[in-house]
Amino acid sequence: MRRQMHGFGGRFNPEANLVTLVQLKSGQSGTVVDIHGGRRIIDRLNALGIIPGKKITKTSAMLMRGPVTIAVDRVEVAIGFGMANKVMVTPERVP
Amino acid sequence: MTRILLTGNPNVGKSVLFSRLTGVQAIVSNYPGTTISYTRGHMKLGEEMAEVIDVPGTYTLEPTSEAEEIALRLLGSGDIVINVVNAINLERNLYLTLQLLERGIPMVVALNLWDDTKHRGIDIDLDKLRQLLGVPVIPTVAVTGQGVKELAENIPRATSPQHPPATRDQRWATIGKIIEQVQQIRHRHHTWRERLADASVKPVSGGFIALAILAASFFVVRFIGEGLINYVLNPLFNTLWSPVLSWLSNLMGGTGFLHDIVIGKLIDGEVDLVQSFGLLSSGLFVPFGMVLPYIISFYFVLGILEDTGYLPRLAVLMDTIMHRLGLHGYAIIPNLLGLGCNVPAILATRILESKRERFIAATLISIAVPCAALQAMIFGLVGARGIQYVAIVYGTLFIVWIILGLILNHTVKGFSPELLIEIPPYRLPPWRTVLQKLWFRTYSFLAEAIPIILGAILVINVLYILGVFDAIANFTAPVVTGLLGLPKEAVTALVIGFLRKDVALGMLAPLALSSSQLVVGSVVLAMLFPCIATFVVMFRELGWLNMLKAVGVMIVAALVTGGILNLIL
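Going down the list, the protein sequences come from chains A and H.
Sequence positions in the first sequence follow the working numbering and run 1 to 95.
Sequence positions in the second sequence follow the working numbering and run 96 to 664.
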């Protein structure tokens with residue numbers, strides 16, 4: 001029975017459709033799941049309210065490894081490319 | 096005396112509120128990190144006077160930048176805290192509020208930008224919020240002054256409910272519960288400002304918008320500056336002041352020690368407002384007739400750029416380029432401020448997170464970003480030879496800025512963190528703020544520059560008469576003449592550059608330089624030795640070791656660039 005629960009092709013496994021903020025498409029929303037970074041990065045993102053469980057919407061991304069802009073709680077935040085690459089989100093499914 | 100601290104997240108309007116409460120003018124703008132050190136003022140609290148301190152904005156009490164560290168240090172010294180909260184973004188602002196409550200300092204919350212909540216479809220239950228936080232909560236609109244009186248009346252009612260120390264996760268959980276009970280968001284459509292806001296951080300449209308804004312800014316600065324010079328200051332000086340000087344000159348016999356100091360040397364038998372170099376001729380014409388118009392026009396345009404909220408967007412666009420210079424996009428703000436004056440620009444590097452970034456930014460600013468006073472003189476003197484020469488000066492400084500940044504990025508140890516900034520919504524600049532800020536900055540320029548300019552001119556004349564400059568000129572002739580191709584007398588200008596750059600460039604005027612020599616002289620003067628005020632601030636902000644390093648870089652860069660220009664031109 002248990003084994004069968006795991007056999008749903010990973011559809012319920014959140015890891016399966018994790019993307020970084022860089023990979024998330026502009027205009028798409030998602031929920032922050034994890035931040036794969038050091039303490040400093042986690043601290044700085046925490047200060048701006050970007051924490052696991054927070055819903056965000058990506059506004060845009062600059063070319064050539066430029067910053068990603070997201071909306072968090074009605075505020076726009078720009079995140080450098082390297083840092084954005086460490087923020088893992090599950091994209092909201094487009095209905 | 097009771098000490099009241101105004102604290103809160105960056106760009107929530109603390110400085111506006113501070114000005115409202117104390118009547119003391121503080122520089123306010125629409126970008127996070129305008130206030131980088133603290134401003135002090137006083138207000139009446141009941142029968143007594145209380146001290147009010149405008150603390151730099153901070154997101155948490157776990158500091159991540161120099162400005163935030165200053166905020167944390169100040170906090171220990173306060174009796175009452177006014178926590179200024181952005182009503183549009185209660186979620187994030189409450190994090191600091193909870194941390195402050197855990198500290199147990201008596202507190203009042205000012206729920207600022209209250210007017211914005213209505214058209215943004217945000218409903219906040221004030222009574223519930225008061226009850227949950229356990230402190231007075233006063234809705235305010237600092238820009239218009241609404242709610243400020245109520246806030247002042249409620250300061251004595253500040254309370255310190257005992258909130259136990261909590262972990263990060265506990266705080267966010269508490270905030271979640273508070274938000275659920277006090278805040279409701281209604282759905283609404285995008286406004287044109289938000290569409291424009293989105294467009295200005297998208298690669299293609301953002302690039303075009305940036306080019307258009309920067310070109311327009313340059314044009315307006317030139318237009319206002321030249322307009323003031325041609326239609327106001329030149330006529331004033333020529334029709335009113337020159338006759339007075341001629342009369343005085345005749346009265347003093349047209350020559351002699353005192354005449355040379357007060358009026359200056361006669362050029363072709365006439366007093367020349369630029370070249371004579373007396374206290375009453377160049378000493379007044381350089382600051383008022385040449386520099387002041389550009390100070391006014393530059394700070395007017397900068398003030399508008401600051402207050403619309405465009406600058407953080409420019410930071411996003413510039414991020415990729417700035418990374419190659421060992422900085423991140425936000426460093427564009429101190430660099431832009433440097434085009435006004437290098438002193439506040441170097442102070443503004445405090446918004447950068449690491450020591451390495453601050454060193455690189457301060458060095459680049461002091462070497463390759465000419466201040467408004469110097470630029471006004473470049474426009475006035477070099478511009479008279481043709482606009483192409485001005486373009487060469489600016490082009491060279493820009494190339495130096497880039498190359499030096501690339502080199503520093505590869506040689507300076509340490510790391511530069513990533514950009515992480517809040518982008519404020521676009522706002523129409525409040526004219527009152529723009530004009531107050533313009534007045535404040537213009538006044539500061541006059542108060543700081545005039546005594547130094549007059550002092551410099553006095554020193555120059557005395558040193559000339561004593562023959563000191565001749566000695567220096569002969570000593571440095573190999574470098575100045577051999578390497579830079581300038582007459583050896585030009586060294587006096589380079590020496591005086593240490594006092595004031597505008598006066599120093601003015602000293603090149605009587606030397607009958609060719610246009611190429613004037614370009615070389617202007618570039619070397621811009622790069623070599625920042626003025627004494629910049630030196631002092633570099634010493635304070637970087638420490639003597641790093642300041643000496645910056646000066647070393649400066650001398651090498653200036654001589655190399657000047658030498659190359661001399662070969663090419």
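Each hint should be verified, as a subset may be incorrect.
[Said to hold, decoys possible] Listed next, the in silico PhoX-like pairs over lysine-lysine satisfying Cα-Cα at most 20 Å (straight line):
1) A/Lys25 to A/Lys86
2) A/Lys54 to A/Lys86
3) H/Lys450 to A/Lys55
4) H/Lys297 to A/Lys54
5) H/Lys272 to A/Lys25
No lab work stands behind these hints: they were computed from the structure.
Hint by hint, here is what the structure shows:
1. A/Lys25 to A/Lys86: Distance ~16 Å between A/Lys25 and A/Lys86 Cα, so the pair holds.
2. A/Lys54 to A/Lys86: holds (15 Å)
3. H/Lys450 to A/Lys55: violated (33 Å)
4. H/Lys297 to A/Lys54: violated (23 Å)
5. H/Lys272 to A/Lys25: Given that 20 Å is the threshold and the Cα spacing comes to 31 Å, the pair is violated.
Violation of the numbered hints given earlier is confined to hints 3, 4, 5; the remaining hints are satisfied by the structure.
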